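Participant: Residue numbers (the working numbering), protein chains in the order written: chain A, 16 to 480; chain B, 905 to 1408.
It is worth saying that the hints were derived from the structure and are not from the lab. Quick caveat: nothing in here was measured; it's all calculated off a predicted structure. Backbone N, C-alpha and C define an ideal beta-carbon position, used for all residues, glycine too. Check the hints yourself; a few may be wrong.
To be verified - For each label pair, taking beta carbons as the anchor points, the in silico distance ranges come out as: (1) B:D1144 / A:A295: 48 to 58 Å; (2) A:E381 / B:R1351: 22 to 32 Å; (3) A:A175 / B:P1184: 53 to 63 Å.
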Amino acid sequence: MKTAFTADQLAEPEIAAADGILRTCVHYGFCTAVCPTYVLTRDENEAPRGRIDLIRAMLETGGRPDAKTVGHIDSCLSCNACMTTCAVDVDYLHLADIARAYIEENYRRPLADRLLRRLVARTVTDPARFARMTRLARLARPFRGLLPGRLRTLVGLAPAALPRAQDLSGVHPAEGARRMRVALLQGCVQQALAPEINAATVRLLTRHGIEVVVPPEAGCCGAFTLHMGKADTARAAAARNVDAWHAELEAGGLDAVVVNASGCGTVVKDYARLFAGDPARRDKAAAVAAIARDVTELLAPEDLRLPETAVPLAVAYHDACSLQHAQKIRSEPRALLRAAGFDMRDVPEGHFCCGSAGAYNMLQPEMAEALGRRKAAHIESTGAAAVAAGNLGCLAQLGRFTALPLLHTAELLDWATGGPLPEALREIPLPEPVARKQAAAPTGAPAAPPPPDASSGGTPGAAIW
Amino acid sequence: MSMDAFLNDAAGGLGAEHVNTAEETLVRYGENTMPGGDRRPAAVLYPGSTEEVAALVRLANLHKVALFPTSTGNNMGLGTRSAPTEGMAVLDLGRRMNRILEIDDRMGFAAVEPGVSFQMLADELKRRGGQWMNSTTSGPPQGGMIGNALDKGAGYGPYFDHFGFSCGMEVVLGTGEVIRTGDGSIEADNLVNWHVSKYSFGPILDGLFAQSNYGIVTRLGVWLLPRPPAIRSFHFAFPDDGDLEEIVELCRPLKMSNFVPTLFRVANDLYLIGSEVPSPAYAASNGRQSISDEARKALQREHGLGAWTVSGAFYGPSMEAMEPQIGRVVDHFCASGKATYIPHEAALEKPALACAVASFSGEPTLTELGLLKWRPGGGNAWFTPGTPMDGRTANEFQTLGRAIYEANGLDYQVMNVAGPRFARGLHVISFNREDPDECARADAAYRALADAFYARGVAVGRAPVDWQDFHMDKLMPSFRDACAAIKRALDPNGVIAPGRYGIY
């Protein structure tokens, strides 16, 4: 795509970066077929290709963006399915970040919108404030109908109750010989909403010879606010993590920074770019980003310490967008869960977002609900008894639309390797344990489905092999 | 002719929300990757059923407007979803007619609407337990199965021939009448043979709707292959361009006996490497020259691929059970000492070869879309002649094609997809569409290639939208007249895609 920025405009690093990205787009349009908002609306401006054109026009024109452009950028999930399918590798993720930051700086939203976004940004990123607001929401729930629209949505999204907080700050020694030392990101909302995920992760890792350190200074990764265009706020939060982890890196040595919320992992892996303009922290951020890993990247199937029996629970694996599209992690969680003995089911239309997308389900509730219902229907069509995913946001969103137990991958792996039965599975009947197979039969194709099995619904006649 | 009146009536029938005339939409639906430019339509409509398609065709007859049906719009390198000329009303069948209507787990077929993509059916088959697999192209996973089959698209496994392995259609003719083909034409409620028997009473009308504009296919039966428990691929890299002759001679007997169940993918260096990286040589000549032989050799070394690399696969009960077959093909291909064997596991580490494995396995894959960034600027056209499976002829065609690419400063990127008697040569013409000079060279190259191959008795398998008239004009007048006569019979007012594949 040709652009028409002036030399003065291109002197701005962010405009120059945007220009480089914009020029790579040649309008092939593969992105449209996988873009959730386009598929649901068929509006070209609700597709990456249309949004890219709008961003180009907004940045070229300069000044105050128009409301129409802001609306179409706001409605983007940043699921990055477009980046997976793009034939020419347009870096939409960073283009959208640049556009959002530009809007934040140059567009004055209506008062109600400003207040709502501020409330979301401040609440979700602070576990203590999140807990207070949840209690407030619980009190407000009987009067929900009297609240204005978006606030009503927020109250509806708030959990009925929060589990007991667990602060995992400190050092968790490896069981047996230590083969690795890692820092774990506790995160912000995850600490308040689902502390069992971090606890399971610590148990899983330490059980497999990995020492886990959780620096108390580290917290919110900045993803929430970054995707709302609040780049400075995001950098301030991220800086605390960079400093804390880099200190550990220097002092005790770290083999990895482990992130078990893939939305956060995507941003932590991108810290080098976030701090590219900060000479004081640039190198430290790059060092931290270079060792950032999703929890499923840290263990290999052959590493798992598995008991002699497995519980062949049918589990639908939901690919979080931030894992599959941003971090390109698809096979690792499946391989681990399959090795642990679970009967893994792929979800149709797996490339599609569930509608969680950070703050999206709070700020764009209608589209989020449509996507959530669509995803839940696909998940339930697999016949699975439980759902696994690598991102809390997805689990929370899906919980609104399906009654199936929802678990983080780490919780299932923790259970399968000797940890406690996850709370989410206590109320459902579990299959009888079976003797673990010596080895899974290799298949020829990458990510090939399981071999034909007469018990899985098809006709035995099909299995002529 | 009144497009406005047509759209008004169409909105009344479909609902205004299913008639789109937004400027952004019209611009996008006219876009393609051809050198000849975009073709803006007048409107985009989203029918939701065969009955609605038929009603729109009848309205088009009433108002004398041209319709251009498209399924998912992924016909990349051949026209995307661009009509032959601007100003038509696009019927986007992918928007609402995207249902898998039926899957028969015993007879092994699916019946699909035009919006069903390779990915959608693959997902659904997997969801149902993975007993069956559909043949997929190595093109976009979101590509439509009906559109691909009707354009004579292909995969790479035993059911590669997507039109040949389809069975039973529902079609809206140019008059607005609806027909079902084969045993589907019986007036009965239980059409048990519709999607299992291709040959029944009367003429086989199905063929009329491939690469034509005689009707709009709204339902198609596609046959499914039982998914084998294990798929084991094999690959051989040959060092020299001229090795194509030996390769073709080696492949022919293995396919003639069907010892190898898949087709052979015989891909040249730049076809495979182009799916992984952009041209490292483009900038040096600003696209005016072909990449040098030295640069190609360097790329071959870097990527561990040959001037030509052959890929195929066996299907069997386990990886170990296929060891004897692998041993036989290795002995066969390596007999002359030129080939380097690349085993299955090593191939999975190379994206371009992993893409071949996925294609043999009925797994949609994005890898080959990388070819679209070999040169910048988004120009891409596919020239698709073929060769008999005779090594000398195949090599002669290579020499001919390569010279024309080089004369026009383009890069020769070809994959021959080889069966027992014939190989389709997928020639990619990658060019910078933002550079008028390069566009002109792409157009000149395409025409020179077509002229040269026609002179040797070879037409193309599929034609990009820019050159469909050009191709039709090369056929014998009586053939052209027959096509036009059929058009007049089935679509007397010429409302369905006039000019598509050169038929008016």
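Participant: Each hint: holds or not?
Facilitator: Each hint, compared with the structure:
Between B:D1144 and A:A295 the beta carbon distance is about 56 Å. The supplied range of 48 to 58 Å therefore holds. Taken as a hint, the range 22 to 32 Å is violated for the pair A:E381 and B:R1351, whose Cβ atoms sit roughly 51 Å apart. Checked against the given bound of 53 to 63 Å, the beta carbons of A:A175 and B:P1184, roughly 58 Å apart, stay inside it.
Against the hints set out earlier in the document, a violation occurs for number 2 only.
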